[in-house]
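Trainee: Chains as they are written, first to last, in my numbering: chain A, 1 to 482; chain B, 483 to 979.
Careful, some of the hints might be misleading.
Listed below are the simulated BS3-like cross-link pairs for lysine-lysine, each with C-alpha atoms no more than 27 Å apart in a straight line [unchecked claim]: (1) A:Lys154 with A:Lys366; (2) B:Lys592 with B:Lys886; (3) B:Lys649 with A:Lys366; (4) B:Lys649 with B:Lys592; (5) B:Lys649 with A:Lys362; (6) B:Lys921 with B:Lys850; (7) B:Lys592 with A:Lys366; (8) B:Lys783 with B:Lys649; (9) B:Lys649 with B:Lys779; (10) B:Lys779 with A:Lys362; (11) A:Lys161 with A:Lys357; (12) B:Lys911 with B:Lys783; (13) B:Lys592 with B:Lys911; (14) B:Lys649 with A:Lys357; (15) B:Lys931 with B:Lys850.
Just so you know, these hints were derived from the structure itself, not from any lab.
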Amino acid sequence: MNTIKTDLFITLPEITVLCMAMVILILDLYLSKKNRLLIYGLAQLTLFAAAYLVFTTHTPLIEFAYSNMFIDDTLSDVLKIATLIGSSVMLVYTRYYMQLRNMFSGDYYGLLLFATVGMMVMISGQNMLTIYVGLELLSLCVYAMVALDRDNPKATEAAMKYFVLGALASGMLLYGMSMIYGMTGSLDISTIADVLVESQSHSPVLALGLVFIVAGLAFKFGAVPFHMWVPDVYQGSPTAITILIGSVPKFAGFAMAMRLLIQGLYPLVADWQNMFLMMAVLSIAIGNIAAIAQTNIKRMLAYSTISHIGFLLLGIMSASLNGFASSMFYVTAYVMMSLAGFGMILVLSRKGHEAEKLDDLKGLNKRSPWTAFLMLITMFSMAGVPPTIGFYAKFAVLQSALQAGFVPVVVFAVLMAVIGAFYYLRVIKIMYFDEPESMVPIDAPLDMRFILSLNAIALLLVGLMPQWLMNLSAKAILQTLQ
Amino acid sequence: MFNNHILSLAIWVPILAGMMVLLVGNDNRACLTRWVSLVGAVLAFLVTLPLYTDFDTAQRAFQFQEGFHWIPAFNINYHLGVDGFSVPLVLLTSFTTVIAIIASWEVIQKGIAQYMAAFLIMSGLMIGVFTALDSILYYVFWEAMLIPMFLVIGIWGGPNRVYATIKFFLYTLLGSLLMLVAFIYLFHRTGSFSIVDYYNLPLTLNEQIYIFIAFFMAFAVKIPMWPVHTWLPDAHVEAPTAGSVVLAAIMLKLGGYSFLRFAMPIAPDASHHLSNIMIGLSLIAILYIALVALVQKDMKKLIAYSSISHMGFVTLGFFLFSQLGLEGAVVQMISHGFISAAMFLCVGVLYDRMHSRQIADYGGVANKMPMFAAFAVLFAMANSGLPGTSGFVGEFMVILASVKFDFWVAFVAATTLIFGASYTLWMVKRVFYGDVANKNVSALQDLTKREFMLLTVLALFTLGLGIYPDLITELTQTTSAQFLNHMATSKLPVAGM
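Okay, chain B solo, but in the shape it has when bound (with noise of 0.2 Å):
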């Protein structure tokens, strides 16, 4: 009976689970708040599970949809569906929900219920936006989904919390704005806010140019691109641990996978011909962030900038129009979900016990907690793209298709072997090896049995994925290849019509 409402599941359980944890949860009961938390995103995370084992690999349409009229005045509705490209990043969005809510078990002891809902209400809204076919229900997705991260920001985040998390929510909402612009000019012209309309709809190269740039606005704050970017350092500095692995994996993965969506099919011809102006973007994000990232302080602050040069692969893949090219760019999406999670992760780890971020203040702390730094290393290693881990895979699948564009592209987005390499691998010298700077250090202790066990998780899928891609690129293979042929069609009105 649930079999045709997964998708409803997928969003509204972890909804009416947040709810469920404000309802009984308070900080007197802590631990069974706790536990009515994880229950709620495990459960979340089951109901997911379906679009794995029963997605059809095959089918070009969209797939699991169900809806009904919600608005009817201006035809709207409330319209689910997935492809290729959406169900790894449901997936994506429903497991790290649960490494957020272990990894904040004991750091969180004030607000807890507010805390675990807000990250289970997101959650819900998250999948949402992955999953609405319709513009409008697609937007307040999207901007429902900033109130609860503006809250865990702004009341569990560090020192400048309030000034990271109201500029976190005003460069979204500028950009979104626009988009909600956009949306409106296409129902006026459609009559409907349904995607696939859009996706049909013929506009001159004026319009889709107008329209491209509308969407750009809100996906490259989001990614988010050079020179939109500013945002994100401060955010993720601020923000507790779970907050930023939630904003690294999957936030920034809205915009990308957004551009696939809307962007790009809406508007075609003006993506080919803006697609110089992108991939430019793409490369000062992929190589200028990273020297950027080098001469960080602060661990939280160089994995941020790591970050906006990881997710300039994702969209100089989009951009090259290739199917290895586009392929690769999701499976760096999804491997930079688990990457990101869990370099943010090992800081927190660090933090929880030193309560400092500066890489300054360590070293040597190899020598007293060597499970850990194992750990580290490994996750450092796909963070620089190791053959064999996850961070491989997409890097190099992008790397190979701007090989075939240009080779210039190709030589400067290669550059990040080498600078990626640095910076992490710098930094892990710097924080791990050598002998212990401090009295600080030396009293470290080594994993909790919870963190081993997050730690080994994420370890796993890193590894699993970069041995074996196709557990990704076999979800997204007809689905990026019906794409592509849709953006080599033309949608410029013919003439004399």
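Chain A extracted, bound-state conformation (with noise of 0.2 Å):
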């Protein structure tokens, strides 16, 4: 058993961030507005400080805290870290903007550090209830960020949207959690595998519990068909959260499914394959054909995160190792380039003016060549083009699920792909091909340009050299599921 000074080492990440939080919450009230930066300083200092330890409290070895409340393996050490480098990224994009719509306050900067407790909560959930509280801490912050912008009725609406069907789906999610505790006496991950295996049951309970659960992640994942609210939330909310939601979270989801629907329930896998293999099915192919009608780039981009999604389930669908590692390897790169394609609005956005519209980007070649080429990476990233890292992302899960035996489906993704390339090469095109609405110069901070460069250029580098990544994605799911 530990005791509790090795429980709290544990969960010393965690902590520290949790602490961060509250002492910058509070300085945030002592502090005059031209100050404010050293809370964005603290804020980026506590990401890295956190990173570092996660790192440095690295072991080869699984372990349990809290009563086996909390795991720390190698997957959440890596999803972790990526988590605090992604979100620290995202709090470089998204200064300037914040800066220059009043929203740069403590509140924003409080809020976003919960919410990274809540993910690192997520991805270390060894129990249903820990599972559950990251998920809630996670959600509830990114609804009061989503409305922080009081004022602009249309981001209002889309929290109210985003807390409405969110709080739905958390009811969905806990409601399912109630049923397959009731069927296997336990909330522990663990044992609930264990019993599920040895007592073979294939009760209609389960059954219900198991289809709770996957709506409840599909919702959180945006799937289709419970994807509506990812458009609108997209859209309405500020840039700065859009890419909030859009990016880092995607991390913890991951985790949540690992942990739930392979670590927990398994044995009940011929259940759920099929059900990820629908909403895989049609995730790819509505993202991809609904995103050709849009005029918006938060969302189009929002619609392109359902296929991509959809491509992520497609992984986790195969069932297999090898499936699980692409599905962790396609995530990682999900993230890094809807980083970079979120980036890409917020640097094009100035003073009064949001570069929503997929006509702002009219011309950028001539505005600003580099910026245009750093697009024109992660759009082709996006669609799969080698070599860029979307083609391995995509490359690693197809292979997989033909492995397993999908090979009409696998076909059936291809030709979405396809479709996919049409909106993305639009976005090229616009940029490139067309005039110039405007020779407005881009008006961005140079840190933000230096990172949102290095971050495009790794679409690209980690594109020709993946091997690491998938080492490193194969070597963490290994170890957790053996």
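Assembly of the complex is requested from the two constituent chains, each provided in isolation within its own frame, with the hints serving as guidance.
Mentor: This is the structure we're talking about:
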């Protein structure tokens, strides 16, 4: 049994972030508007410190804390570091945007850190309650952040929609968990798995519980047919919040799927595999087809997210180590791409102008060839054209699905990817082939441009050398599932 | 020391040169940009020369092989090598890039650095396609190559460029993604992405047919074969001159080459099984597309259709399964590379002066540009297959081979000697001969030194290859004999295994 000291030690990164979030909230009261930059610095520092702690406390062993409520394995460490770095990159992208729009306050940074804690807890949850608590912490913070720009009716509407539907999904998840608990007598993930294997039970209650859990999960992912909120919320939220919804939480979502479905409910794989198959195929189809009709970049990226989620589910659906590792690679690639994509919108926005319309990208190559080039890489990566990371992500997922014997599904996904390529190409067309509407110079601070350049170039470099990331994913998955 | 890395050099020298151009070049330093590009292209051409001089024509295995593990997680290797089919195509690629750079010398005034860099990078990627022996490596080059061409047509193209370039990209992407599925399937059968491993894998007829169809989708679009050819006239008409040159001279060959590298040797039984369909499609391309070319009003469109018709000979030669047909097809690929490049350059020469590609806008050009007319007529003759030019050799070999196969196939194929001559020479007659048609034509100036040099070089190659085709057949002999040998061996799994 662990002592309290080891328990605390294992959860040190979470505790650090949590304490700093509270410090930031209090500090905010005493700081004048001018000195708010201090808060930004503190938040960045916190994220780095937490990432550093996760990294240094990493051991090759699987450790549990708080009576098996909390797990610390390679999977959780990798995902946490990715989440923390992703959040930090996001803060760099959003700082200037928030400053220009009078939203640069302790609220934002405090909420963001709380949300980060939520994600970290989800990633490490080894008990249904831990996972649920983490999820709620994340969701509640994000609901509030969407509404941060109070005077914006669109944002308020998006927040309301997101909150109502999100609460419904949480409810479904919780309901499903309660049924599983009723049938297995435990909330602990590994105990549930053991009981299910032993009893070989196929009771309808179990199946119903599974359906609710999958529905709740699909909702959080934004997979079809639980995707209705995604475009509205993406479009309505301030871009600085959209980038949050659309990027790092996917790591936590992936972890949640791994913990609940693979570690816990794997004995029911035959049941959830079909559900995932349907959701994956529908997401890929609807995401790609609906994206064509969009004129708003954020809305387009929302549908693009749905299709990416479809590919992600395809990997999980393959139900093999290979497939899970591919999904993990995919989610990393996706987060990198969406950070770059939304980062680009933030770079192009300026005071009193949201670069939301596709037309805002017109002639970008003439205004700023370098920015256009970065967006070019991002779009080709999203379309899955080699030698970018997006290609290997799709490649890995497709080969795992093919290995599992789903040949028609793979062919279908590939055809849909061609449709997807069309709207990514349209963005490139607008940037490179059209004449600019105005030659307003791009107004973005240097640090933001620098990180964005790194981000987009990374899409290309990791594409040329995907080996280490693939190995890392495979290693993490292997350790957790052994 | 570099002797073991000639292929890598052939790929990466132009790509690095392209990046160099992007770094140092811009429109204010146009002259420097152009010279850096030219030096890069010439350098890239020079490093490919040892492939010709040091190639061992008697050896059956892949030569100049090199490689390292690239993505061990999926057993993907950076593995390069060439055989008799790929060497001439690699040389054609690096040579054509020099031509393309010189052809764009004064024509391109905006975004010079990006334009030149696109051609250099594209050249490296295309050589990568011709030399990759790992299917994923091949696929990466194959797809990546689309990006520069997409931009070249889209940025520097004609009025309808956006439609043309997106059509070009999506057509190719659709085909190639199915090819990717085939690769992944083969990977699960062999545990490797190595092409050589695929050659030895036994497959049932059904499997072979599916795989063949997946490859067919990718390569038929590229060649292009009827009925998936419609992107080509659009792309050619809208592309800038150098874009058309590269498209016709090299990109179309990628499809032909890939049939030899993948579709046929991996699925030999399916190739035999489906050969009648393939021959049928080739004949439709040869005959029907030639008729379509006859009625074109736009010179570039006419040459684009003529390209499709000529590429019909390539696929016809492949699926006759005879040495003569196969070698004829390879010669046809190379010769078409030179002739179509020259034809598009000729149209470019006129377009730069008159800004029109319509045949009706011209007439009597020979009176004002005698030197140019001489070249144009030579290339037109070569295009219609005049003996003594390279255009004759390939077509004649393929027709001979098809006579042995079936008289009527040969008969239909041979009609091209009539139709090819009609559409080409009729165009020449309307553009070059007769009285000076209008004021614009009477103001035409004859070739500049730069244009003269370009066309001279191409004319020499066209004639040289026509008089002494051994330049190429020597390279391909052993490889094609071995290829036919391989094709004749069934890959169906032995019963009871």
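Trainee: Next, verify each hint and record whether it holds.
Mentor: Evaluation of the provided hints:
Under the criterion of a C-alpha separation no larger than 27 Å, the hint pairing Lys154 of chain A with Lys366 of chain A is inconsistent with the structure, at around 32 Å. Only pairs whose Cα atoms come within 27 Å are accepted, and Lys592 of chain B paired with Lys886 of chain B is rejected, the gap being roughly 54 Å. This hinted pair checks out: Lys649 of chain B and Lys366 of chain A have alpha carbons roughly 24 Å apart, not beyond 27 Å. A C-alpha spacing of about 24 Å is found between Lys649 of chain B and Lys592 of chain B, which places the hinted pair at or below 27 Å, so the restraint holds.
Straight-line distance between C-alpha atoms of Lys649 of chain B and Lys362 of chain A comes to about 20 Å, which keeps the hinted pair within the 27 Å bound. For the hint linking Lys921 of chain B to Lys850 of chain B, the alpha-carbon distance of about 11 Å falls within 27 Å, and the restraint holds. At most 27 Å may separate the alpha-carbon atoms for a hinted pair to count; Lys592 of chain B and Lys366 of chain A meet this at roughly 11 Å. With a C-alpha separation of about 16 Å, the suggested pair Lys783 of chain B and Lys649 of chain B falls inside the 27 Å cut-off, and the hint holds.
Between Lys649 of chain B and Lys779 of chain B the CA atoms are separated by roughly 22 Å; this keeps the pair inside 27 Å, and the hint holds. Restraint check for Lys779 of chain B and Lys362 of chain A: the C-alpha separation of about 34 Å exceeds 27 Å, so the hint is violated. Taking the CA atoms of Lys161 of chain A and Lys357 of chain A, the gap is near 22 Å; set against the 27 Å cutoff, the hint holds. Under the criterion of a C-alpha separation no larger than 27 Å, the hint pairing Lys911 of chain B with Lys783 of chain B is consistent with the structure, at around 17 Å.
Restraint check for Lys592 of chain B and Lys911 of chain B: the C-alpha separation of about 35 Å exceeds 27 Å, so the hint is violated. Proximity of Lys649 of chain B to Lys357 of chain A is assessed by CA-CA distance (about 24 Å); at most 27 Å being required, the pair is judged to hold. Of the pairs offered as hints, the one joining Lys931 of chain B and Lys850 of chain B holds, with about 16 Å between alpha carbons and a cut-off of 27 Å not exceeded.
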